[in-house]
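Chain A is fixed; fit chain B onto it per the hints.
2 protein chains.
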Amino acid sequence: MTEYTLDAEQLAAQTWFQSLRDQLCAAFETLEDEGDGDAPAGRFERTAWDRPDSTGAPGGGGVMSVMKGRVFEKVGVNTSTVFGEFAPEFAKSINGADADPRFFATGISLVAHMANPHVPAVHMNTRFLVTTKRWFGGGADLNPALPVAADTADFKTAFKAACDRHGSDYYSRFDRWCDEYFFVPHRNRHRGVGGIFYDHLEGAFAANFAFTQDVGRTLLGVYPEIVRRHMHDPFTDAERIVQLRYRGLYAEFNLVYDRGTTFGLKTGGNVEAILMSLPPLARWD
Amino acid sequence: MTEYTLDAEQLAAQTWFQSLRDQLCAAFETLEDEGDGDAPAGRFERTAWDRPDSTGAPGGGGVMSVMKGRVFEKVGVNTSTVFGEFAPEFAKSINGADADPRFFATGISLVAHMANPHVPAVHMNTRFLVTTKRWFGGGADLNPALPVAADTADFKTAFKAACDRHGSDYYSRFDRWCDEYFFVPHRNRHRGVGGIFYDHLEGAFAANFAFTQDVGRTLLGVYPEIVRRHMHDPFTDAERIVQLRYRGLYAEFNLVYDRGTTFGLKTGGNVEAILMSLPPLARWD
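Which chain is which? The protein sequence lines are A and B, in order.
All residue numbers for the first sequence refer to my numbering, where the first residue is 21 and numbers rise by one.
All residue numbers for the second sequence refer to my numbering, where the first residue is 21 and numbers rise by one.
Please note that the accuracy of each hint is not assured.
In this list, chains with the same sequence are indistinguishable; a pair is considered to hold if it fits within one copy or across any two.
What the hints assert, rightly or not - Here are the simulated EDC-like pairs of lysine to aspartate or glutamate, each with C-alpha atoms no more than 20 Å apart in a straight line:
1) Lys-286 to Glu-200
2) Lys-286 to Asp-199
3) Lys-88 to Glu-109
4) Lys-286 to Asp-70
5) Lys-88 to Asp-305
No wet-lab data here; the hints were simulated from the structure.
Excised from the complex, chain A in its bound form (with noise of 0.2 Å):
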């Protein structure tokens, strides 16, 4: 099989992808750097894994950056550049793929459980999928244990910021889509207090590449700003359980109804870079 030689778009959207993770993790280090306890501050460790494509050739791979330190109880931030060819039955479930099963797929991963219960936890992905059509998706949801709603608000206006500086629908429909796709219907409630989801960005590669940047900058502005906000707050052990509890809602909702997790799982993808959004503790008691 000949190298998989990435054309323009692909490569100027991966490259935004790996420059996004540098900045995330030096900008969570700082974080570490700031935080208290005798526990020295926490660095990414990063570990590369190749995948196999459904027809045997090369098929990409990724490289997962996690950090386990003191105000960061457990980050990933992974990135993959993936392609090859759908298995057929799946082919038709895809966006494009229904006459054509070859794909390629390039994207950005972030699930970051926090140390003090006070600090929310963050989800943001972001992606580039191609196949006979070519389209972005992602989206940055907060998830804190014990939510505060200046946190709340200013996440949201963050992000309302970055839709309407691209699409004057955009804030409606990604909020609404989030609300409606981050939901636990066995627990009747959401997984976190909202953000923005968003898929089939298709169109104008140079318009929509330049929101899912924005999404990603955008996180980058304001997360770190909640998390220095709460870092050094003291907590107790009632609320360091409720926090546990509140990530077994998490893992409640990445197993059973997470799209990417239970795909993932169940075709062979890469279990420790799908399994990194899984809490470093959590309780169901």
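Chain B in isolation, oriented as in the chain A frame:
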């Protein structure tokens, strides 16, 4: 709606499951009395729940018996007796319900997560189902974080003897069925070290009921002996961590693959009773 009246077979099965529940709870409370530590011996707390049927009529209910103790970090012994009509699309998938959606089910479900990582967790579930057909199903499997060959052998030997008392091919079929069912494909490993799993045991009620009773009595005989063997073993922080990570695998199986769990969560069952199986504390790191 008129009250549902159990026939003699239904009443016999329900009575046994409730009696087995009482015997298991008593045996486990005795183990708590023998436990180490300053914490008081645990005692079961019971909580009843009612189930509205999909038709809106009363649909039975159940009782959760949960103990959080010093030997049993968390153990649930749930019984339920439920009846009504399956939703039409679901009825098609159930033995004997395709033409008539009415059903009755009574059963017991036990999951024990233990404080000491040298004491294996255990699962047992047996049930009697009635549609236009009638059958028993269930099983029991041992789930050690730190497997010990003698424990596995004693558990399997006990269930082999129970099987051999009722059908010459039972053990070879039900042992293999257990290995096939309790497998976690994305980890490429079994959830536990084995046991038995059976379903659709139709035909002579008396013989199948006797086998199902024997499965319960076998668990009641063998599991407390394995607990007693290890409950005073010293353990290290590292062994506790191995146990908490193993519980992550246990939660993954139950939330991603277990048919009872995912069906229950997605169709509005009693969430607390369904998720009784989840570990009190688990790690993913």
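Structure versus earlier hints - violations, ascending order: 3
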